[in-house]
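**Student:** Can you build the whole structure from these sequences, using the hints too?
Protein chains in written order, with our numbering: chain F, 1 to 250; chain V, 1 to 333.
For the record, the hints were derived by calculation from the structure and aren't laboratory data.
Predicted model only: the values in this text are computed from it and were never measured.
Positions of the beta carbon are idealized from the N, C-alpha and C atoms, including for glycine.
Hints may be right or wrong, so weigh each one.
Stated by the list, open to error - If you want the footprint, here are the derived chain F segments under chain V, 3+ residues with CB under 8 Å:
1) 13 to 25
2) 106 to 113
3) 134 to 143
Unchecked claim - To list a few chain V residues with every Cβ distance to chain F over 10 Å, as calculated:
4) Trp25
5) Gly132
6) Phe193
7) Ile262
8) Arg315
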Amino acid sequence: MTETAHSHAPAALEVDALSVRYGRVNALNELSFAAGRGELVLILGTNGAGKSSAVNAIAGLFAPAAGRIRVGGKDVTRQPAYRRVRSGVSLVPEGRGPLPGISVRDNLELGYRARSRAKQRAESYEDAVAKVFELFPILKERLKQDCGTLSGGEMQMLAIARALVADPTVLLLDEPSLGLAPRPVAQVYEALDACAAAGLTIVIIEQKSVPLQTEPALTLVLHNGAVIDERHGSRPSESELAELYMGGAV
Amino acid sequence: MRRLAGPAAVAIAVTAIWIGNSALWTYNLTLVGAYAIVVIGLNILLGYAGLVSFAQTAFMAVGGYAVAILAVEHAVNPWLGLLLGLVLAGVAAALIGLVLFRLRGHYLTMASFALAMSAFGYATAAVGFTGGSVGIAGVPPLSIGSFTFTDPSHAYLLVWLLVGLCAWAGVRARDSHVGRAWRTIADNEDVAFSLGLPVLRYKIIAFVIAAVMGALGGALYVNFTSYVNPELYAPAIIVNIFLMLFLGGKGHTLGPILGAAIVVIVPLQIAGLSDIQAILFGITLLVLILVLPGGLLDAASWRALAAPVRRLRSRERNAPAAPVKALAGRARR
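**Tutor:** Here it is in structure tokens:
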């Protein structure tokens, strides 16, 4: 549990003994953590460690076998994925979720439409989009382009922008650096730093360490669906991470 | 230009009738129109929402039998019969959709095939209700007051007006938020969920629209030919309908109309085709999907098809003598 869980305001995101099962396989075993507003949670692990299962369950893509998920104090565990976006949880899916045949503009509009009505009234589409263009200026140039023609880095930026225009309180990212060259990875993480500074709660899952400027409030290392390393305000070094992955135990 | 597709279709058809001005062509083109409506519906489901359903013939049957049974057995006005058929198909699709779309991919397709087969089987077996394999004859034509659409050219105009209307509705739906949601679902369902789209609802909307258009085409066909029997909804018809869609090009507004025209008219023009028609259509569909997956109206598919030829030509023209062999070797790989 982080400090925020003990303070008066409810944590932006609270995951309580979350378990995911595929048939008889336990993909995730009683994962618990909490993150306050503007806090960053980094979840590291190898393939099959249960990272994607965790964020997909938090995003509501499938129902967890057990456990609770609370967003801003509200229990969203049983909420279907499409309503959960309105509760403030947005997922940037693994592989960036390209939608060939759909323009950059339409992607952003889809994202904006995912907001609740109240949030749509609070901020116009133009204002919302202008904000993400500040983070990712390249998207403004690509606005009319089919998103199937974007480079990997641009598509990742679009996927994040698409999630951001829904005005989430919690942003989940499933391996945003996967398959990208170092430069776009740096650009993407620079933007995520800015989002965290602006008060967004971010959960990032990755396989290896990432170029984050903001020190994550919490770093978890998963192995076989269980947390094997947990640190507050610091990250395991690359050599420590290698040891954790290879050894599988602290 | 795309917005004009519907009106353009009507204009082409209306002109065609004056050019042709023959009773036979009017008759044939009316059948083309009825099928075109069915395929426009399938295009929304498969071309836009990416859902492969074989159930379209089942909804044609709902429309066709509703009109025939109500008008012949219960003397209901054919218009009312038509309308009830559409409502019935829409409601049935919504209810079936709730169950059907718990399945994805191949499972969904298999279940929809079962649906089409049960409709065909039921129409054949329920002799008391549907007339069995003999069917129901003497379905009265549509009429407005004392004006009946008995004259083929009147029926023709009515059908093509509805083709235009359906094509226009399809374009409107595609360009709306619903259409964008369909394409998102077709591309990647998980992304659709993560974008807050109620996926099941949008799938059912597509299924209901397709079903209503299927029923409309099916009902118009029966009204026009005055006859219904199970063979109109036989498994071979499913192949025909898919061939129509893939010939014209799925996702293209005018694709269903072009496809319906080719599949209905070509067999009529070539005598002695009927024996091997099923084989021929099956092979054509297979070859089409392999060679020209986007259909006749898809420029990108044609470019892909022509690419090897173009590459060969430009190589002959530009490449100097010596490195040609090396280049050719690389290109072939």
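**Student:** Would you pick out the hints that fail for this structure and give their numbers low to high?
**Tutor:** 1, 3 and 6
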